[in-house]
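S.K.: Sequence:
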Amino acid sequence: MEKRIRKIFREKDYNDIEKKLDMLPNTKLTSESFLNIRLILTLATFVILLFISDIGYIASPLGALLVYYLVTYIFIYKPLKQRAEKLDFEALDFFEVLTLSLESGRNLEQAIEVTTKTVKSELSEEFNKALLEIKFGKSLSEALDSLRNKMPSMTINNIILDLEQTSIYGSDIVLCMNNQIDFLRDKKILEIKEKINKLPNQISIISVLFIIPLLLTLILGPFFINFFMK
415 MEKRIRKIFR
425 EKDYNDIEKK
435 LDMLPNTKLT
445 SESFLNIRLI
455 LTLATFVILL
465 FISDIGYIAS
475 PLGALLVYYL
485 VTYIFIYKPL
495 KQRAEKLDFE
505 ALDFFEVLTL
515 SLESGRNLEQ
525 AIEVTTKTVK
535 SELSEEFNKA
545 LLEIKFGKSL
555 SEALDSLRNK
565 MPSMTINNII
575 LDLEQTSIYG
585 SDIVLCMNNQ
595 IDFLRDKKIL
605 EIKEKINKLP
615 NQISIISVLF
625 IIPLLLTLIL
635 GPFFINFFMK
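Quick note on the working numbering: the sequence shown kicks off at 415 and runs consecutively.
Treat the hints as calculated values from the structure; they're not laboratory data.
Since we're looking at a predicted model, the values are computed, not measured.
The beta-carbon is built from N, C-alpha and C at its ideal position, and this holds for glycine as well.
Simulated pairs of lysine-lysine, BS3-like, Cα-Cα distance not exceeding 30 Å:
hint, residue 1, residue 2
1, Lys543, Lys564
2, Lys442, Lys534
3, Lys564, Lys426
4, Lys495, Lys531
5, Lys543, Lys442
6, Lys552, Lys442
7, Lys549, Lys500
8, Lys433, Lys549
Pairwise CB distance ranges, derived in the manner of DEER restraints:
hint, residue 1, residue 2, range
9, Glu536, Asp576, 18 to 26 Å
10, Gly551, Tyr471, 56 to 64 Å
11, Asn563, Gly470, 40 to 48 Å
12, Phe550, Ile454, 33 to 41 Å
13, Ile472, Asp576, 45 to 53 Å
14, Glu556, Pro439, 14 to 22 Å
15, Glu556, Leu479, 34 to 42 Å
16, Ile582, Leu476, 46 to 54 Å
17, Glu556, Leu480, 35 to 43 Å
The whole structure should be built from the sequences, with the hints applied where relevant.
M.R.: As structure tokens, then:
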């Protein structure tokens with residue numbers, strides 16, 4: 415089956431899906447199963463619309479294209495976005511503890527080990543997996559590079575890259591982490607402000623959909639009752 419899938423799709427597309435699925439550790443999908451599902455649903459949509467629609471020659475390719483991107487969004491992009499947001503939310507606490515461990519004089523590997531035991535989160539579990547890879551023979555740099563490839567968050571990717579570079583070139587890792595923590599704090603504040611700024615629009619939508627119709631019903635209700643009672 416894998417060979418057949420590789421013949422149908424470009425190697426680049428196959429590898430791209432495989433990399434994205436590696437960032438979703440809890441998914442039961444494989445590259446082959448996802449590509450099969452997407453292909454079958456796309457072809458089924460094309461054929462069904464072609465025969466049931468009076469304008470099938472227009473509706474079928476448009477519908478198939480919509481299903482193609484919708485399946486990719488539901489199974490790949492939406493879960494990746496949700497996981498990235500969750501990891502970003504956990505990042506500040508994790509890297510604050512990591513920085514404190516580094517400031518106490520521990521090396522990077524020891525600091526990561528202390529942090530994973532102290533902080534319980536999905537991000538902490540991913541770093542713990544990197545520690546296991548080190549125990550099985552990988553270098554710290556290799557383990558961090560492997561971890562970075564599993565992170566859907568660009569913010570965390572950049573921090574891990576900085577950890578890699580400082581461990582290789584011997585830069586001031588504590589200073590680097592303090593700068594990253596300042597960035598994470600500023601990012602979280604901006605996200606909170608953005609959510610607050612969206613509240614008036616959300617309230618306006620709720621008012622239009624629910625409150626205004628209710629008020630109109632209360633105001634005009636007696637008039638309509640009297641009108642129909644006559």
